[in-house]
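Each protein sequence line maps, in turn, to chains P and U.
For the first sequence, counting from 1, position 66 maps to 824 in my numbering; every step adds exactly one.
For the second sequence, counting from 1, position 30 maps to 788 in my numbering; every step adds exactly one.
Do not rely on the hints blindly, as some may be mistaken.
Note that identical chains are pooled: a pair holds if it fits in a single copy or bridges any two copies.
[What the hints assert, rightly or not] Computed cross-link-like contacts, EDC-like style, restricted to lysine to aspartate or glutamate with a CA-CA straight-line distance of at most 16 Å: (1) K855 x E817; (2) K919 x E935; (3) K768 x D843; (4) K855 x D937; (5) K955 x E850; (6) K798 x D902; (7) K768 x D788; (8) K919 x D937; (9) K798 x D937; (10) K798 x D839.
To be clear, the hints were calculated from the coordinates, so they are not data collected in a lab.
Protein chains: 2
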Amino acid sequence: MGRTSDAREKLLAAALDLIWTSSYGGVSVDDICVRAGVNKGSFYHFFPSKSDLAVAAYEAHWQEKRPAMDAVFSSQNPPLDRLIDWCRCIQEGQTEKHQQYGFVVGCPYANAGSELATQDPKIRAKTQEMLDRGFRYIEAAIADAQRQGLIDVADATAAAKQVSSCVLGLLIQAKIENDPGLLSELEPTMMRLLGAKMVAA
Amino acid sequence: MGRTSDAREKLLAAALDLIWTSSYGGVSVDDICVRAGVNKGSFYHFFPSKSDLAVAAYEAHWQEKRPAMDAVFSSQNPPLDRLIDWCRCIQEGQTEKHQQYGFVVGCPYANAGSELATQDPKIRAKTQEMLDRGFRYIEAAIADAQRQGLIDVADATAAAKQVSSCVLGLLIQAKIENDPGLLSELEPTMMRLLGAKMVAA
DNA sequence: GAATTATTTGACCGTCCGGTTAACTGGTGA
DNA sequence: TCACCAGTTAACCGGACGGTCAAATAATTC
Numbered sequence: 759m760g761r762t763s764d765a766r767e768k769l770l771a772a773a774l775d776l777i778w779t780s781s782y783g784g785v786s787v788d789d790i791c792v793r794a795g796v797n798k799g800s801f802y803h804f805f806p807s808k809s810d811l812a813v814a815a816y817e818a819h820w821q822e823k824r825p826a827m828d829a830v831f832s833s834q835n836p837p838l839d840r841l842i843d844w845c846r847c848i849q850e851g852q853t854e855k856h857q858q859y860g861f862v863v864g865c866p867y868a869n870a871g872s873e874l875a876t877q878d879p880k881i882r883a884k885t886q887e888m889l890d891r892g893f894r895y896i897e898a899a900i901a902d903a904q905r906q907g908l909i910d911v912a913d914a915t916a917a918a919k920q921v922s923s924c925v926l927g928l929l930i931q932a933k934i935e936n937d938p939g940l941l942s943e944l945e946p947t948m949m950r951l952l953g954a955k956m957v958a959a
Numbered sequence: 759m760g761r762t763s764d765a766r767e768k769l770l771a772a773a774l775d776l777i778w779t780s781s782y783g784g785v786s787v788d789d790i791c792v793r794a795g796v797n798k799g800s801f802y803h804f805f806p807s808k809s810d811l812a813v814a815a816y817e818a819h820w821q822e823k824r825p826a827m828d829a830v831f832s833s834q835n836p837p838l839d840r841l842i843d844w845c846r847c848i849q850e851g852q853t854e855k856h857q858q859y860g861f862v863v864g865c866p867y868a869n870a871g872s873e874l875a876t877q878d879p880k881i882r883a884k885t886q887e888m889l890d891r892g893f894r895y896i897e898a899a900i901a902d903a904q905r906q907g908l909i910d911v912a913d914a915t916a917a918a919k920q921v922s923s924c925v926l927g928l929l930i931q932a933k934i935e936n937d938p939g940l941l942s943e944l945e946p947t948m949m950r951l952l953g954a955k956m957v958a959a
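Produce the complete structure using the sequences and hints provided.
Below, the structure written as structure tokens:
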């Protein structure tokens with residue numbers, strides 16, 4: 759009943775894009791509405807507040823990226839290849855954004871979490887949830903690699919924590935230096951952390 | 759000539775504290791003035807803009823912390839002990855802030871850089887500079903450790919990059935999860951990355 | 001085609017924002 | 001002692017902020 763609309767989806771896409779490339783505090787509700795081509799009244803018809811929109815935008819972004827993650831981390835893929843492919847995805851994604859906007863934009867979840875962890879409990883919890891979803895792919899890959907004797911780690915979960923932290927750190931560093939080239943260190947750092955058995959390049 | 763004042767220093771301290779525990783965008787010039795007990799007119803007598811104050815506040819914070827860094831990274835200290843002591847400093851500092859404010863607050867430079875890298879060139883450049891100053895301590899320690907055969911790394915500078923990224927990443931993760939306990943991984947992650955020869959615990 | 005209801009519209013609200021101004025104050029150096 | 005000037009004060013600015021609202025509209029269901 760009633761009419762249908764794609765305004766909600768347009769708002770989610772506009773919000774993710776704008777917040778990702780600047781920051782939560784640096785983007786106004788008006789900015790998002792203009793980009794989405796939607797009136798402010800419609801915004802508040804679909805979302806109770808700016809921070810609720812942000813939470814919904816992160817969820818929508820994840821749902822959009824999930825098939826690609828499932829493909830990269832497919833159990834059809836050898837465990838270390840999953841991680842290497844993922845590094846390549848990050849590098850390519852950031853390089854593309856860098857060409858588009860002139861900036862390394864980093865991880866949208868980590869950016870929001872870092873900015874708002876002490877200020878907005880809902881966004882803090884959501885970004886933690888999003889990062890945890892990514893973590894579970896890494897953990898599974900590392901556990902598989904461990905079982906297959908491809909790496910030298912005692913505790914797969916602990917190693918996965920170390921790996922995901924390093925990825926986050928490298929992304930921040932690349933963002934601050936605005937140099938996507940730093941991301942070529944992603945794979946070697948990861949492999950070193952895992953004590954991966956070297957294979958001929 | 760003219761009168762003297764400590765308003766500038768009070769503004770620097772208030773700004774650092776407020777921005778560190780919330781965010782640049784989440785703190786207003788009025789907030790900073792109230793905390794410093796200074797009128798807004800005085801603010802703009804000392805600083806041309808909010809972002810200039812932030813840049814000055816980071817510089818002042820570094821100058822304040824520098825003696826402690828020099829002590830930890832003294833060449834009197836064995837290279838790996840420098841790194842271990844530094845991990846302990848970070849852990850203690852973050853735990854203290856967590857008790858004070860109820861939040862893991864992370865690295866002030868990385869927070870600001872992450873929030874503003876795409877929006878404010880002066881702050882981006884300053885945070886990069888600050889992180890680079892820290893980096894040079896790590897690099898020197900790792901180079902010394904390498905010379906003394908304490909670790910297994912080929913390129914000390916590359917290893918230092920990896921280590922500093924991991925520290926940044928772990929701090930972000932601890933902030934997002936609001937759990938200072940994660941920082942106990944600082945030292946093991948670092949040592950694993952460096953291929954440090956194990957010593958009895 | 002009428003009733004229903006989700007969506008759209010754009011004007012509106014009070015507040016807070018970063019920043020400005022001009023008059024005033026008081027410590028310092030000569 | 002007194003002139004000078006760094007520092008202080010508080011009112012003020014225009015515009016942007018997040019959020020509200022009531023009336024208008026159009027798609028859907030029956």
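Run through the hints listed earlier and report the numbers of any the structure violates, in increasing order. Checked against the structure, the hints that fail are numbers 1, 3, 5, 6, 9, 10, while the rest are satisfied.
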